[in-house]
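Colleague: Protein chains in written order, with the UniProt record's numbering: chain A, 1 to 310; chain B, 1 to 432.
Don't read these hints as lab results, they were simulated from the structure. Careful, some of the hints might be misleading.
Beta-carbon label-pair distances, calculated as ranges [what the hints assert, rightly or not]:
(1) B:Gly172 <-> A:Ala237: 53 to 59 Å
(2) A:Gly98 <-> B:Ala296: 54 to 60 Å
(3) B:Thr271 <-> A:Gly42: 32 to 38 Å
(4) B:Thr271 <-> A:Ser236: 38 to 44 Å
(5) B:Lys131 <-> A:Lys253: 56 to 62 Å
(6) B:Thr271 <-> A:Ala12: 45 to 51 Å
(7) B:Arg242 <-> A:Met270: 35 to 41 Å
(8) B:Thr271 <-> A:Asp89: 53 to 59 Å
Sample of chain A residues lacking proximity to chain B, with all beta carbon distances greater than 10 Å (derived) [what the hints assert, rightly or not]:
(9) Leu37
(10) Arg41
(11) Thr44
(12) Leu87
(13) His106
(14) Ala108
(15) Gly123
(16) Leu151
(17) Gly156
(18) Arg158
(19) Pro195
(20) Gly197
(21) Ala198
(22) Ala243
(23) His257
Ideal Cβ positions, reconstructed from N, Cα and C, are used throughout, including at glycine.
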Amino acid sequence: MRHLLSTEGLDAATATSVLDTADTLKQTLLGREVKKLPTLRGRTVVTLFYENSTRTRVSFEVAGKWMSADVINVSASSSSVNKGESLRDTALTLAAAGADCVIMRHPASGAAHRLAGWLDEVGTQVVNAGDGMHEHPTQALLDAATLRERLGELAGRRIAIVGDLLHSRVARSNVHLLRTLGAEVVLVAPPTLVPAGADQWGAEVRHDLDPELPKLDAVMMLRVQAERMHGGFFPSAREYSIAYGLNQARLDKLPEHAVVLHPGPMLRGMEIAPAVADSPRAAITQQVSNGVHVRMAVLYHLLAGEELSA
Amino acid sequence: MSRLLLKDVRPYGEGDPVDVLVVGEAIAEIGANLEVDADEIVHAGGAVLLPGFVDLHTHLREPGREDAETVETGSAAAALGGYTAVFAMANTDPVADNAVIVEHVWRRGREVGLVDVHPVGAVTVGLKGEKLAELGTMRRSAAEVRIFSDDGHCVHDPLIMRRALEYTKSFGGVVAQHAEEPRLTVGAQAHEGANAARLGLAGWPAPAEEAIVARDCLLAGHTGGTLHICHVSTSGTADILRWWKSRKTAGSVSAEVTPHHLLLTDDRLETYDPVNKVNPPLRTDADVMALREALADGTVDCVATDHAPHAAQDKDCEWAAAKPGMLGLQTALGIVVRTMVRPGLLDWRGVARVMSERPAEIAGLADQGRPVAAGEPANLVLVDPDAEWTVRGAELASLGENSPFDGMQLPGRVVATLLRGRLTAHEGKVRR
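Chain B extracted, bound-state conformation (with noise of 0.2 Å):
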């Protein structure tokens, strides 16, 4: 069995260094200047060792868009940003509402092999929100899907919603709800506010979103579903989790918010430059400090990247033509380091908590977001809190360009992830 050893980290950032010897898959022993034999040394210089990240709501484009993203290039920019564990969501093209998908997008995670690819089943045949993709036969398959969205659109008829979450309760599913009401934002195209009124953009309002979670918390709860919020985005979506989570009642409700939620406001839309356009859109500063607030106090569970590449032409274009959705998968650790460690919001045991943990929980992973200790799986990151990088949009994995943080400086830099103990990305290099 390979045998790796990680000289000078910090678990959690705690304490003095240590040395962790990783044999095969698992952390074998953690102690101090261990002398033993390795087929690799990886001198960390005090770095930060944490759980390897588990994003739930990536874009892998693949199938049907492979000249926006592929699952080897998403999965090579999970990997780089300390990630070991991705859901590729459902809305390819065809939609991944059936085992065949499914299983074609987790069998070419496996080839590929930087990173675990989860594909996330539609709840809706064709994502069209009429009728229930096939669910029990998507958890059968190979792929063994757990979580299902139609993410890119709402579940809004509410009662295939509710029966969307009965549904998925015998095996123990999560339905992933992108909560806007389409009524409300018919040919929306930014946050409802005055920098959208100002500049001719038809709004986008935070009770479109705040309606469709309210209703779906009550439906969980009357259910006893699991609901998973998608890329919450309003303050008042944030007090809506907040209520629900303090009232004992039945079913299960967990939130997410994007790193670009936790820092860019609509002021980005002065240039029209569509990299910034994003679904749900970029909200106020208010919205972002509760956010912010919100994740550190649990009220909302965790982070996600909601990834998504895109060609070129599809971003360089007037605005209403342009698509949603911009990268994230490397630039999400430097986001939360400066917008909640650094701020004194979260230390690194709550980064493990909201990057790892909480989604690994989630998800019902066994194996990811476990703790940094001897016996555990070695699924690790490896981090330099005190690197200040500079992003530069053409030279992430992505195919697509389209980072609203190209050019921004950042802090906190991935120096290494270890899928089951193999070394996936070292010194911002892929290793395969």
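For reference, chain A alone in the conformation it holds in the complex (with noise of 0.2 Å):
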């Protein structure tokens, strides 16, 4: 495939590259006071969102343009979409604009797999920037590149996921990219957030987060989405805060150089205690800072380097 849309069936050689790739290209770009590489001049590349997102779009237009990309952002509320067009539509009049990726995030799941279906047959390469409740492998990829820079090696390693599995993509591509490069997964959620068959994942499944916290070399906290949530899925903020959210007395239970990631956006007091946030345990800012690097390797690597088989 010449499309990255999930990390289901990345395999551990072309993460590890995308990875690698990434810390090269920190390590160039670092203390440089123009950072511009050329490597994707004359491409152009489209981030089409259908949903609102800050970090997500903002990291996926700064590696474009550091790699002197044309970058074009095309929001759903501001296009052709909110005059009723479809999707195929869109797609097909980016590809014929001259878009060489499309980089798209979306409220469906499958989304970028239909997208990548209908632009295979001109050419125009798609990255999945988040597609429902299904997958966001560049979140994926920047998690772990994160840990790799905190921890080493991921083989080993066991990291658990907390919080809102049900609706997480960040949750599903994480599942599968850490168990690509080697570690062991251990999801933690009540028992309303976890989805049907989620045993199937190669994961175990816990509902008791505190037996697990000093088994741990990183945990990853979820953002509870409310906006998908049809019905109560836990009776109350505080309860959900009580049994799962991450306290300074939970991160003092956690082995010493065990890292805190959160994709964010964080609801601050519920899932995560801001002192937790913000302490030196936690590796969100370097989260984010990774995500360029990382989106930057990936579009290296489908526009310019070798391809990506997922």
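Both chains are given apart, each in its own frame, so use the hints to dock them into the complex.
Modeller: So, in structure tokens, the structure goes:
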């Protein structure tokens, strides 16, 4: 395949190669006043966002610009989508206008796969920047990059993903990638937020966070996606916070080297205590920073270098 | 009167080939090597002769979405699929919840004349589940509506459902339920299970169907009404029906299964191609096997297509935006042969039972699903049991091309269909 649609099926060699490239790019740009590489000069990259986003869209835009690509941002609210244009027609329009790569966020699971199917014929590449509750592969790659920086190799590490697993594309992408890179994954959430069949993902499923903490090398907190919730998945924010929030007491139960991640945006006080989010143990701003380099690496592999396999 | 001779046919696939003489609208004579004059002779080469198929569950989209299907194109698909009667669901635009709309659909069916089109009336006004539609008026209309359904929506309010079952008793009406507890399927996109979870599609849990089926069986027993369960999709529903039918109680419950629920599973979700999106969703292999068994032992009474054509733009889009439904009329027989006949679960008498006789009984049709015998109405279908054919979505008669069976090879081909003694389809072509 010529697209990056998911981490499921992304082999370890390719994933490691992207992470290595991201690391190289980071080192190359470190301390440079002008962060600009000529690699994608003359290539046109379109970000097509059907959902609001700050960090992901900006991260991709910066990544493209640092690689000297022409980056065009299209948001659903200010385009023909607002006039009822179908996704297929929008995609074909962008391709006809010369887009080499479309980076799309969409509320529907599988939308990136459909987009890739339509654009395969014209040779435009697709990066999935988050599709519904399905996957967010570059988030998983930037999480892996951050964990590698903090922990070294991931093989044999034990990593917990905590919170709203049901609605989380970040969780799905991370489970696949972390397992591919050799980590043990434990999923922690109330039963109402564990999708049916999650026990077949190759990760352990637990409902009690506290016994897990001393065994972990990293804990990834997830955003509770209230906008996707139809009906009460848990009794109250307070109860959720008591059972699953990462507070100082829980932070203290983690091994000293363990890292805290959160894909953002964070619900401070509920999912994560402010002091934890701002502690040196948290790698949240590092995740954002690595996001740019990882996305540069993905664009490099798709548009300039070797092909990605998923 | 016209005289049509069917040469070398095997009624129900049994015995040596015989000839069947059709005079006017009825079978006049059956015998070996009939030496008779005929206006037309069909050389069948030993094809299986069955009563014409009756589909209790067809979407014809007229009025309102004539770009997806019309009574005319749907009738053509039905005739080519071996059907002599279809029941057109009420979820048109406007909804068939009054005598004017049902008479329009019925009249269009008569004008086209390829298949008997029986409109289904909505149970509630606008399919909203709040207020009973004028069921008796639709019954007394020219369309003589007997089956009522909010299909596409569940009559989820138990009191409205009770009243519908009670009210329709007075004129022998049937309430056909789309069993889906709406509170358990908010945002649902696919069968709730491992595949949907992995692909990030909101789940449609099996108990959402089973809870309504169980409730409505109890209501049918309590009221003495006549209930028909549409498109059964789970093994749990089969268990509930088996339990209910084992009891001696008042009321009547029948059920249908679609061809696609007899063959396809939620493994088809993998590509996110909405051609596989249907409501209720494709389920698991265990469900498929349970449904085949339930159809074979009579727990599920019949096969109904849920033929649901859609315009290209309503399917060539992202999964969540796509409309649920798939074509079914021209592929139903092939799938029944593949899933039920070839594995030995049904013989040709069984096919006649589940595709013609039981649906005709459930719908109260006097002239359909009748035995292949002299003096009976000549509503018939001729099937070549050995023919293998490849489905080509674009070549099907429906306006929509949304067939998940596109490119699939199916056994058993309709050679000819006769409606009241007249060929409506022969050798893959519609006869008008």
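Colleague: Compare the structure with each hint and give your call.
Modeller: Here is how each hint holds up against the structure:
1. B:Gly172 <-> A:Ala237: 53 to 59 Å: holds (55 Å)
2. A:Gly98 <-> B:Ala296: 54 to 60 Å: holds (58 Å)
3. B:Thr271 <-> A:Gly42: 32 to 38 Å: holds (34 Å)
4. B:Thr271 <-> A:Ser236: 38 to 44 Å: Between threonine 271 of chain B and serine 236 of chain A, where Cβ atoms are some 40 Å apart, the hint holds.
5. B:Lys131 <-> A:Lys253: 56 to 62 Å: holds (58 Å)
6. B:Thr271 <-> A:Ala12: 45 to 51 Å: violated (25 Å)
7. B:Arg242 <-> A:Met270: 35 to 41 Å: violated (48 Å)
8. B:Thr271 <-> A:Asp89: 53 to 59 Å: violated (21 Å)
9. Leu37: Fine: 34 Å to the nearest Cβ keeps leucine 37 of chain A off the interface.
10. Arg41: holds (33 Å)
11. Thr44: holds (23 Å)
12. Leu87: violated (6 Å)
13. His106: Per Cβ check, histidine 106 of chain A is inside 10 Å of chain B; nearest 7 Å; violated.
14. Ala108: Violated, since 4 Å does not exceed 10 Å.
15. Gly123: holds (20 Å)
16. Leu151: holds (27 Å)
17. Gly156: holds (25 Å)
18. Arg158: Consistent with the label, arginine 158 of chain A stays out of reach of chain B, its closest Cβ about 22 Å off (over 10 Å).
19. Pro195: Given a closest Cβ separation of 4 Å, the condition is violated.
20. Gly197: Violated: least Cβ distance 3 Å, not greater than 10 Å.
21. Ala198: The claim breaks: alanine 198 of chain A does not keep its Cβ more than 10 Å from every Cβ of chain B (closest is about 6 Å).
22. Ala243: Its Cβ never comes within 10 Å of chain B, the nearest being 22 Å, so this holds.
23. His257: holds (32 Å)
Of the numbered hints stated above, those contradicted by the structure are hints 6, 7, 8, 12, 13, 14, 19, 20 and 21, listed in ascending order.
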